[in-house]
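2 protein chains.
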Amino acid sequence: MQDPFTQKKQKILSEISANGTDNLDASPKGTIDEHCLPIIHLINSHPDMVTTSSCSGRVSVYLEGTQDKLVSKGNEGKWIFVTHEPAETRDWYKTVDFEYGSRFPSAAAYGTRGILYKFEALILHVKCRDLQTSNQLYSLAMSCGFRESGIGSNFNVAIRISIKLDVPIGFLDEDTGKYACFVGEEYLEYLTKLSLDRFEENFRKLKQLYDAIEKYVAGSDGAGATSENKPKDRPTWESKEERRERMMKEGLKRREELRRD
Amino acid sequence: MQDPFTQKKQKILSEISANGTDNLDASPKGTIDEHCLPIIHLINSHPDMVTTSSCSGRVSVYLEGTQDKLVSKGNEGKWIFVTHEPAETRDWYKTVDFEYGSRFPSAAAYGTRGILYKFEALILHVKCRDLQTSNQLYSLAMSCGFRESGIGSNFNVAIRISIKLDVPIGFLDEDTGKYACFVGEEYLEYLTKLSLDRFEENFRKLKQLYDAIEKYVAGSDGAGATSENKPKDRPTWESKEERRERMMKEGLKRREELRRD
Chain Y
1 MQDPFTQKKQ KILSEISANG TDNLDASPKG TIDEHCLPII HLINSHPDMV TTSSCSGRVS
61 VYLEGTQDKL VSKGNEGKWI FVTHEPAETR DWYKTVDFEY GSRFPSAAAY GTRGILYKFE
121 ALILHVKCRD LQTSNQLYSL AMSCGFRESG IGSNFNVAIR ISIKLDVPIG FLDEDTGKYA
181 CFVGEEYLEY LTKLSLDRFE ENFRKLKQLY DAIEKYVAGS DGAGATSENK PKDRPTWESK
241 EERRERMMKE GLKRREELRR D
Chain X
1 MQDPFTQKKQ KILSEISANG TDNLDASPKG TIDEHCLPII HLINSHPDMV TTSSCSGRVS
61 VYLEGTQDKL VSKGNEGKWI FVTHEPAETR DWYKTVDFEY GSRFPSAAAY GTRGILYKFE
121 ALILHVKCRD LQTSNQLYSL AMSCGFRESG IGSNFNVAIR ISIKLDVPIG FLDEDTGKYA
181 CFVGEEYLEY LTKLSLDRFE ENFRKLKQLY DAIEKYVAGS DGAGATSENK PKDRPTWESK
241 EERRERMMKE GLKRREELRR D
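Residue numbers (UniProt numbering), protein chains in the order written: chain Y, 1 to 261; chain X, 1 to 261.
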């Protein structure tokens, strides 16, 4: 009989392996960000940790909902644009039917459905077996500069960093039904450039975190484990294509196993 | 002999009481934000908690430093404007010598010292005596919507919420030494309006947190303590003038005590 943590971990790993474009999870995107896969596999290779959610960092343009509160996410709030891939940010605003040169909404902000441009950095949630492991993972994340990390209930560690942009760029013109934009195309282009810098910094920090966790996992295996003698099945950085192929194989294998169960 | 937590707490309380415009602390502003004082006193009235740092929420305009990294805070980075008071945001941009209508910097963002407009919400750090207290405070903060809260090392709880704005508005023109602004005055006015809404939401959440902690503190005193029978010296919401007067009295008293020691 497995202990409760290991049972829970097995269940999560099954879900991760089965996840794919034909088997979406509950997140808005429905699949795990590819940039997160190496660190997810690394963390899950440790017997006392399991990843429960992740976002590798993203650019999004969000139309607020109709609810009477700030940055309303419910009630018809919707993503106008979202990507986790730096390359896909190129000229994104040319694909949106913005009405440039719009005036600013005259009513109070609460009455208007604003449009926000956001850059959000990597966030990882990791469930740990015990207090010691959660404390170690927390300290490790902090030492890599993930200064907004914290431990929650039941040894769940949130790994967070404050690389961000949060910029009002327009609003929904209720008369025309169009996206009114009160900043120019040149400003949107500049925001996109800044976001590319932030993506770069974000991935640099992700790599730093990966390396630190790799060292931690190696140390947990037994004293003195180094990159020379680490287990061969430990995940390393891989190309997008390699990741895709591996994930597909793993998913098929897992689904086969689930079917057999 | 006091236990280590109580010793540490007494030391922090002395520093808080002695803090004032003629006795600055290590923070950029040098004094504790007045909006935080009621909740600081409330938290510190609990024997197992002590506040270690706080910001009640603020609007700031920041010129990045010269270091070769994102949003550099060192190397000549400086605040162009900062306030914790909603009323003081009024027409703030008229006090800054902006050059409007500037072009965007052509070089990579790393080479340019950007100017960022920020709204940051309440943040509180609370050191707790033990794991149980930190877990309870964490859960309480999460239930009030402070969803980015977390427990750090040594039972330190960070209480955080994601109400924010983070907007690039200009850069330092190295040729003229002036603050080049690539958004218009009307946009800055709109940002300021949005910030006032965020301040309102921020103080609403602060009040909600205060009420929840008050209930928790009352519960810790003994079962069944209600607002009718709570101790008379428990702090409640007070006006700016009342707060100022009380703090002055407490500070004088504390300094008198320190002198006698």
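Keep in mind that the hints were calculated from the coordinates and are not lab data.
Predicted model, so just to flag it, every value in this text is computed and none were measured.
A portion of the hints provided could be inaccurate.
Same chains, same names: a pair is fine if it fits in one copy or spans any two.
[Stated by the list, open to error] With a cut-off of at most 30 Å between alpha-carbon atoms, the simulated DSSO-like pairs for lysine-lysine come out as follows:
1. K164 / K193
2. K207 / K29
3. K118 / K8
4. K8 / K193
5. K118 / K29
6. K207 / K178
7. K11 / K207
8. K11 / K178
9. K215 / K78
10. K29 / K164
11. K78 / K164
12. K8 / K78
13. K178 / K205
14. K249 / K178
15. K94 / K118
16. K205 / K253
Report the numbers of all earlier hints that the structure fails to satisfy, in ascending order.
3, 4, 6, 8, 9, 12, 13, 14 and 16
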